[in-house]
Amino acid sequence: MSAIDLALGNLLSPVVLFFALGLFAAIARSDLTIPEAVAKGLAIYLMMAIGLKGGVEVAKQGLTAKLVLTIGAGAVLSFALPFLAYAILRTVSRLSPVNAAAVAAHYGSISAVTLAVGIEVLGRANLPFEGYLIAVAAVMETPAILAALLIVSRSTPREDGLSGKELFHEIALNGSVVVLVGSFIVGWIAGPAGMKPIAPLFTDLFRGILCLFLLDMGLVAGRGFARARKALSPPVILFGIAMPLISAAIAAPIAALLGLSPGGAMLFITLAASSSYIAVPAAMRLALPEADAAIYLTLSLGVTFPFNLAIGLPLYLTIAQHLAG
Amino acid sequence: MSAIDLALGNLLSPVVLFFALGLFAAIARSDLTIPEAVAKGLAIYLMMAIGLKGGVEVAKQGLTAKLVLTIGAGAVLSFALPFLAYAILRTVSRLSPVNAAAVAAHYGSISAVTLAVGIEVLGRANLPFEGYLIAVAAVMETPAILAALLIVSRSTPREDGLSGKELFHEIALNGSVVVLVGSFIVGWIAGPAGMKPIAPLFTDLFRGILCLFLLDMGLVAGRGFARARKALSPPVILFGIAMPLISAAIAAPIAALLGLSPGGAMLFITLAASSSYIAVPAAMRLALPEADAAIYLTLSLGVTFPFNLAIGLPLYLTIAQHLAG
Amino acid sequence: MSAIDLALGNLLSPVVLFFALGLFAAIARSDLTIPEAVAKGLAIYLMMAIGLKGGVEVAKQGLTAKLVLTIGAGAVLSFALPFLAYAILRTVSRLSPVNAAAVAAHYGSISAVTLAVGIEVLGRANLPFEGYLIAVAAVMETPAILAALLIVSRSTPREDGLSGKELFHEIALNGSVVVLVGSFIVGWIAGPAGMKPIAPLFTDLFRGILCLFLLDMGLVAGRGFARARKALSPPVILFGIAMPLISAAIAAPIAALLGLSPGGAMLFITLAASSSYIAVPAAMRLALPEADAAIYLTLSLGVTFPFNLAIGLPLYLTIAQHLAG
Amino acid sequence: MQMHLKKRIEIVLEAPGLRRLTETLERLNVSGYTVLPAIAGNGRGGPWSEAGQVSDAERMVCVICIVDPAREEEIVGPIFNLVKRHIGLISVSDAQVIRGERF
Amino acid sequence: MQMHLKKRIEIVLEAPGLRRLTETLERLNVSGYTVLPAIAGNGRGGPWSEAGQVSDAERMVCVICIVDPAREEEIVGPIFNLVKRHIGLISVSDAQVIRGERF
Amino acid sequence: MQMHLKKRIEIVLEAPGLRRLTETLERLNVSGYTVLPAIAGNGRGGPWSEAGQVSDAERMVCVICIVDPAREEEIVGPIFNLVKRHIGLISVSDAQVIRGERF
Ligand SMILES: Nc1ncnc2c1ncn2[C@@H]1O[C@H](COP(=O)(O)O)[C@@H](O)[C@H]1O
Ligand SMILES: Nc1ncnc2c1ncn2[C@@H]1O[C@H](COP(=O)(O)O)[C@@H](O)[C@H]1O
Ligand SMILES: Nc1ncnc2c1ncn2[C@@H]1O[C@H](COP(=O)(O)O)[C@@H](O)[C@H]1O
Ligand code: NA
Ligand code: NA
Ligand code: NA
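Which chain is which? The protein sequence lines are A, B, C, D, E and F, in order.
Following our numbering, the numbering of the first sequence begins with 56 at its first residue and continues without gaps.
Following our numbering, the numbering of the second sequence begins with 56 at its first residue and continues without gaps.
Following our numbering, the numbering of the third sequence begins with 56 at its first residue and continues without gaps.
Following our numbering, the numbering of the fourth sequence begins with 1496 at its first residue and continues without gaps.
Following our numbering, the numbering of the fifth sequence begins with 1496 at its first residue and continues without gaps.
Following our numbering, the numbering of the sixth sequence begins with 1496 at its first residue and continues without gaps.
Hints in this document: simulated from the structure, not taken from any laboratory.
Beta carbons: idealized from backbone N, C-alpha and C, even for Gly.
Heads up, some of the hints might be wrong.
Stated by the list, open to error - Straight-line Cα separation of at most 30 Å, DSS-like style, residue types lysine-lysine; simulated pairs:
| no. | chain 1 | residue 1 | chain 2 | residue 2 |
| --- | --- | --- | --- | --- |
| 1 | F | K1579 | A | K220 |
| 2 | C | K121 | C | K285 |
| 3 | E | K1579 | D | K1579 |
| 4 | C | K121 | B | K115 |
| 5 | A | K285 | B | K220 |
| 6 | D | K1502 | F | K1502 |
Claimed, not checked - If you only want the chain A side, here are some residues facing chain B, beta carbon under 10 Å, derived:
| no. | residue |
| --- | --- |
| 7 | L72 |
| 8 | G77 |
| 9 | F261 |
| 10 | G263 |
| 11 | C266 |
All chains, full assembly: derive it from the sequences and hints.
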């Protein structure tokens, strides 16, 4: 497949089209909504399905040094990227230190949904990947949050009575991290044989449910956008498009160094380039409540996510194929 | 299959039996309930599945003059039937003009769930149908609402400050219309190849989820019935059974003229004979808030829907087979 | 399979592992939650799937004397076990009469989820079972509640104005009983042919959805445990482990007398040994509101359910295989 | 705009008892009520949360009921009798409404 | 702690009318509001319950809105005009808040 | 029926801060509270709605807490300190309860 075929096939896949439908409905102010309980249920399903898939792959392939190295590389990236993102934001935009740090945390962390669509893209292209990249994803969720706290603590002294330990507990045991890591372990223990009877739910339905979920994300992104337009200045919006490209440019050579397969390299780049939308926003409300949620949520879900969906993913796949080719 | 076999097979299908179970549970005042969020999620799933199915069929068959004509015929029917329904109601019942107009709107519009069960009946009888009937369904949702407004505006002057444009926006972008039309377009663009990976969710599970949904509809219909008995006089109840038959009698020759296949003709008649239960009630709360919701909801969901389910659908299929035979 | 292989295979099955994950998340105070609406939707799905399965089996095998005898035996057991449980509790623990009676009702009744996992265990072991055991399960739900009321009425006079008839109505038409019995009848009428088109939802997804549901049960059990530790004295906790074994010891010879197959005997023992967690708690809030919900819920869901899951089920299967072997 | 003084009764009650409460209200000819869901709480019975619950046994609802001050006593009494066996809480406050004749 | 007397407006309204209500509130420059879901109720129109409903036609919401007493009249009037065509109920009570300048 | 005057504290707070609030209430030995979900709202931070949200970051809850008037000051102070960093709102009103000794 050429890069353009790939991009077009991606844009015309039901998953992306349903996101567009949601976006349209929200911007046209339709009263279409997906109930919160259903959206949360779908998100838990997606985390379980991704986690299981990764765990089963690791059960097949076994523990290797490459696995440990890749996880380590992911953790370092997640911790380092927010410093870069913060520096860029403070240079090009007028965001306050706290707002800039909160945004930066989202870009160091990862988006499980972008990962899910990435897996779907690989499925369509018939490319396998190293299962432990799911573990890498789980590990990359939180270091970015710590980095943001570190950044802020250097500029603003903390005043509330909350101990760092308590905060760390709230962040590390965030529900989405627990489900992802937990399902990964379940998949690892159960292995391919244990996975078989539950595959009709967690494998066969995966892409269909992704459509439903992306319809919802389109709705939420569209609504957020309508509302936060004022909060987002052009430099900030530009950042939401440039930052994933910068992260991808940093992650690509690392993926090559690690010797990942094309599929694995594509997911590694995708993780670096994606920005959180479930775990980090909730953590920021606790850790940096002064930061403006409208800014980071809209930027992450309304700018970077659609960019990755439409342009990023096929691009990262093309890069990964060149790296490994 | 003889007509009686057909009717019996229909009555004993799990879909109808689960509706009966819900009806029984509600009338017996069981505390069984399906959470609102789940019911709404199931409804969105059904709209997506129907829309995708129709779009994929059109992708297979291409745009034809018959398609355009059938859509046009559907729109005209949806706009004309409320005038007839209104005249009948005002003659035989004591409903006020506003209540009669609100009821009439429901009978010009369509029921996506009746359509879904109709598709299921065709599936059981192994009959194909023209995919664009889904588009016809989408187009038939709203003209009936405009007809009802026209009817009322002739008798009662509007007094609130709402512009017609604002109202039209609220009605045309009703969530169920957006999902149905949107999924139709997604199915059309994605085509059979794009549909394949999401078929396990949207095709294979369709009938099972219909069972769950009809259990819920039985519960809601039964509860409404217990409560609105007083509101429904015998002539009104009779109208709820006669009107679908009248609409079917009008739609059948049109279907023959259009040259639809037996399956397509059956769905066209079903659309005419079905009455709305999701889109129109919500629109009536906005457009004619003075009308009594207990009357139109119970009539549509508690009288006409079960009638169509048990007797109407096999009848319409028999008619359609004779028309085309 | 040896008994130990069986136990290990059970412990490492995804169903049990997800329960453990939920338990861990709750005890570690993660904010992971499954929305109430989703949990209730999953529970209704499970009841429908179990009921349909049972009904279809009976449709295949027809009505037999053994069926009637087994249902009768189940009803008697459900009514008798609470008296035994009450006597034990009053002897070994310091629970008040009302609390002891409320707990006792749970142990006479059955747990549909334990039954579902039991069916899953049989599926993994490729063992068939008599479909009417689902009907036995439905019949065993309520006699235990009546027994508890009888026990209490002997010690405490009722003072509220509620008629026994009203109470009986609320209990007998409990939603979970209605769905289970209703789906059983639907399955029976529809038969294997009617089941086929809905099997992708109700058969293929069964085990996967059980995983989701058990994740939720682990969360709820873990939270209850954290909270009700104080309410549960060591003798009460011990009762939660001993009582299922006692019930199993009573049920096993009855299963042998009835001439049930190994699979059927295993489920019969499981029903006796399981304790209610959906129907009876709600009934107790109505019938014995003075009883402390924290005690009976935590004991049933936090002690007996995990015990049955991890140790009970493989044990009951081993017993059943020896009985029939 | 002419406002009328009424009493706003707020009842927090465990969900399984709701039907009995609403039947009591109807028997008392109370003109209307509204039920709000509660998602978590704490009391002498310890904390609870609806999250993931399948049974309604531990869930609470919050019933709001606006009544005429003249009828307060006659309504609160029977409600209290019903609620006292269940887990629950009744509070009463003042509220002004517009269409006073309705209550 | 210095508290300021405000008015707490509570509106029970059928869900399809919510958007019109919030647009009215925004037009009136009301500083904020909170919407709570209602799950069941009863009134002259008979009992209703959200259970299993797919359409919002019969659902209610409860909107809470804390406003300055000086603005009560000017806000309650337009809300009443809107609500009176819909199914709904408005009640007003006193409440104390801390950051009084916000309302 | 003997009624006792209490204070009804109503706190609208963003959902991620709920655990901290309830821990504060428990530390203050508040006898009980009830949490209601909010589904939409508007404030200085702009409008929000729970519809379709996966993250709790923008959701609100409404906590109701009935306390003895004597303890009002001592309870509202710490709550305010906690809420002021978060998005939130505290209001206090009078309410009568029956079993007064419980609060
Ligand atoms: N002081 C209070 N303020 C608000 N809600 C309360 C209060 N006390 C109890 N509740 C609610 O009533 C329920 C039952 O209380 P209790 O009977 O004390 O366990 C609690 O779980 C809370 O939801
Ligand atoms: N007295 C009342 N107290 C509380 N809520 C009420 C009252 N009257 C009506 N409602 C609510 O307002 C809705 C519409 O009332 P109505 O217009 O009288 O049918 C009802 O379904 C209730 O949810
Ligand atoms: N005046 C008000 N009345 C009722 N609720 C309010 C009011 N102001 C704010 N809120 C609620 O508190 C949330 C946060 O307010 P704010 O901090 O002003 O953005 C809003 O989204 C509303 O849900
Ligand atoms: Na990233
Ligand atoms: Na029609
Ligand atoms: Na039992």
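Results for each hint:
no., hint, result
1, K1579(F) <-> K220(A), "22 Å, holds"
2, K121(C) <-> K285(C), "46 Å, violated"
3, K1579(E) <-> K1579(D), "37 Å, violated"
4, K121(C) <-> K115(B), "54 Å, violated"
5, K285(A) <-> K220(B), "27 Å, holds"
6, K1502(D) <-> K1502(F), "16 Å, holds"
7, L72, "4 Å, holds"
8, G77, "9 Å, holds"
9, F261, "9 Å, holds"
10, G263, "3 Å, holds"
11, C266, "6 Å, holds"
Comparing the model with each numbered hint stated earlier shows that hints 2, 3, 4 do not hold.
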